[in-house]
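> Chains A and B, in that order, are what the protein sequence lines are.
If you read the first sequence in the numbering used here, its first letter stands for residue 24, the second for the next number, and so on.
If you read the second sequence in the numbering used here, its first letter stands for residue 24, the second for the next number, and so on.
Keep in mind that the hints were calculated from the coordinates and are not lab data.
Be a bit skeptical, because a hint or two may be false.
Unchecked claim - Once the Cα atoms are required to be at most 20 Å apart in a straight line, the calculated DMTMM-like pairs of lysine to aspartate or glutamate come out as:
(1) B:Lys224 <-> A:Glu198
(2) B:Lys104 <-> B:Glu198
(3) B:Lys151 <-> A:Glu209
(4) A:Lys151 <-> B:Glu198
(5) B:Lys146 <-> A:Glu209
(6) A:Lys208 <-> B:Asp178
To be verified - Far from chain A, some chain B residues (derived; all Cβ distances over 12 Å):
(7) Leu57
(8) Gln158
(9) Glu198
(10) Ile232
Note that beta-carbon positions come from the ideal geometry of N, C-alpha and C, so glycine has one too.
Number of protein chains: 2
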Amino acid sequence: MRLRNNPNAMDILKENNNLVVLEPEKHRGKWKELFNNDNPIFIEVGMGKGDFVYGNAQAYPDVNFIGIERYPSVLAAAVNKINKSPALPNLRVIKFDASLLEEIFAYGEVAKLFLNFSDPWPKSRHAKRRLTSPQFLDIYKKVLDNDAIIEFKTDNRLLFEYSLVTFSAYPMHLEYVSLDLHNSKENETNIQTEYERKFSKFGPIYKAIVRY
Amino acid sequence: MRLRNNPNAMDILKENNNLVVLEPEKHRGKWKELFNNDNPIFIEVGMGKGDFVYGNAQAYPDVNFIGIERYPSVLAAAVNKINKSPALPNLRVIKFDASLLEEIFAYGEVAKLFLNFSDPWPKSRHAKRRLTSPQFLDIYKKVLDNDAIIEFKTDNRLLFEYSLVTFSAYPMHLEYVSLDLHNSKENETNIQTEYERKFSKFGPIYKAIVRY
Numbered sequence: 024m025r026l027r028n029n030p031n032a033m034d035i036l037k038e039n040n041n042l043v044v045l046e047p048e049k050h051r052g053k054w055k056e057l058f059n060n061d062n063p064i065f066i067e068v069g070m071g072k073g074d075f076v077y078g079n080a081q082a083y084p085d086v087n088f089i090g091i092e093r094y095p096s097v098l099a100a101a102v103n104k105i106n107k108s109p110a111l112p113n114l115r116v117i118k119f120d121a122s123l124l125e126e127i128f129a130y131g132e133v134a135k136l137f138l139n140f141s142d143p144w145p146k147s148r149h150a151k152r153r154l155t156s157p158q159f160l161d162i163y164k165k166v167l168d169n170d171a172i173i174e175f176k177t178d179n180r181l182l183f184e185y186s187l188v189t190f191s192a193y194p195m196h197l198e199y200v201s202l203d204l205h206n207s208k209e210n211e212t213n214i215q216t217e218y219e220r221k222f223s224k225f226g227p228i229y230k231a232i233v234r235y
Numbered sequence: 024m025r026l027r028n029n030p031n032a033m034d035i036l037k038e039n040n041n042l043v044v045l046e047p048e049k050h051r052g053k054w055k056e057l058f059n060n061d062n063p064i065f066i067e068v069g070m071g072k073g074d075f076v077y078g079n080a081q082a083y084p085d086v087n088f089i090g091i092e093r094y095p096s097v098l099a100a101a102v103n104k105i106n107k108s109p110a111l112p113n114l115r116v117i118k119f120d121a122s123l124l125e126e127i128f129a130y131g132e133v134a135k136l137f138l139n140f141s142d143p144w145p146k147s148r149h150a151k152r153r154l155t156s157p158q159f160l161d162i163y164k165k166v167l168d169n170d171a172i173i174e175f176k177t178d179n180r181l182l183f184e185y186s187l188v189t190f191s192a193y194p195m196h197l198e199y200v201s202l203d204l205h206n207s208k209e210n211e212t213n214i215q216t217e218y219e220r221k222f223s224k225f226g227p228i229y230k231a232i233v234r235y
């Protein structure tokens, strides 16, 4: 997502270095030291305002969560929002570009990756920028462990169709699919994003779980 | 599909042996002789009242089409309906059970297989009966040629979700998917089934094209 530029965004991130990891490259291969435990690490690429990653960190205290967002203004808004709720020891956020993920995680360091309502980049000449493109699947593979899964939600039909075909061609295995998550049994444990809460009334939410 | 039993069904099939192939086993490995040409053979498993297979035979005269239906009363109704339109030299229909497909086709004899609005068999203990189950994918593989594709349409969300996961696990390659065929570009060449015409107003039509 994008937001109007906030000139104070970087200051907000720096002031909140208990939640925001300012130099994530330094933790490559040793994130468990930062969390001070051996729990698995789940990441969300494109965390937006952070409702999803915060909700997950709250619901699953035995998992470490790292939210990643490339736009400082968006991450600053997330930080301000998260600060209104109790601090969680198993949650950190990072301002970072997903295309460089291997600079901040070692091979096998991530046990699950979430993609939620990613930018659909509808023009085919921008297909490479979609977070489910083969180019990004290559990148994720470099940091995910062998059994790791990717959980992907979107309300964008064309992006979801593209992603299913891309996963199959990669090839990745489709472990689960819902073509109407909010009317599926799985919805009982679904944690919504802020976008999802607003837009699910206009059409189905699609979800896929895939594995390399 | 099922229909009320028609006691005259078998008589109707016998009387129409220009369209209905009464002893399909005899043509195994030599269907091209029956059609008297070298055109590819496309089959529809579960042809219902036959609008789809007839529409295809009409639209693609350079392809031979064989519609397959297990229920005599349904096939008799299809025959009566087809007889109201001009006869097509590239169309035949068969009363046959898809689980025995290899008794009527040799390996590689079929170039494309269509499944349209198949019975969803919603109970998991009946999953084997779904026409997209691994058991049926095994059967189709024995008659399809190496490059053959399966085109599958349904309005049943749970059947489509099951099928996508089953295709991936088999593994088959997903070449195309639409989660709302009637609002997709591909709809321009879509030939509807009689069921599709009635029920598409209640929700999306899903379509997948897969290959072994």
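> Now look at each hint and say whether the structure bears it out.
Results of checking the hints against the structure:
1. B:Lys224 <-> A:Glu198: violated, 30 Å
2. B:Lys104 <-> B:Glu198: Violated. Lys104 of chain B to Glu198 of chain B sits at ~33 Å, over the 20 Å cutoff.
3. B:Lys151 <-> A:Glu209: violated, 23 Å
4. A:Lys151 <-> B:Glu198: Measuring from Cα to Cα gives roughly 19 Å; hence the hint holds.
5. B:Lys146 <-> A:Glu209: holds, 18 Å
6. A:Lys208 <-> B:Asp178: Cα-Cα ~19 Å, so holds.
7. Leu57: holds, 36 Å
8. Gln158: holds, 19 Å
9. Glu198: violated, 7 Å
10. Ile232: Given a closest Cβ separation of 10 Å, the condition is violated.
In this structure, the hints that do not hold are numbers 1, 2, 3, 9 and 10, in rising order.
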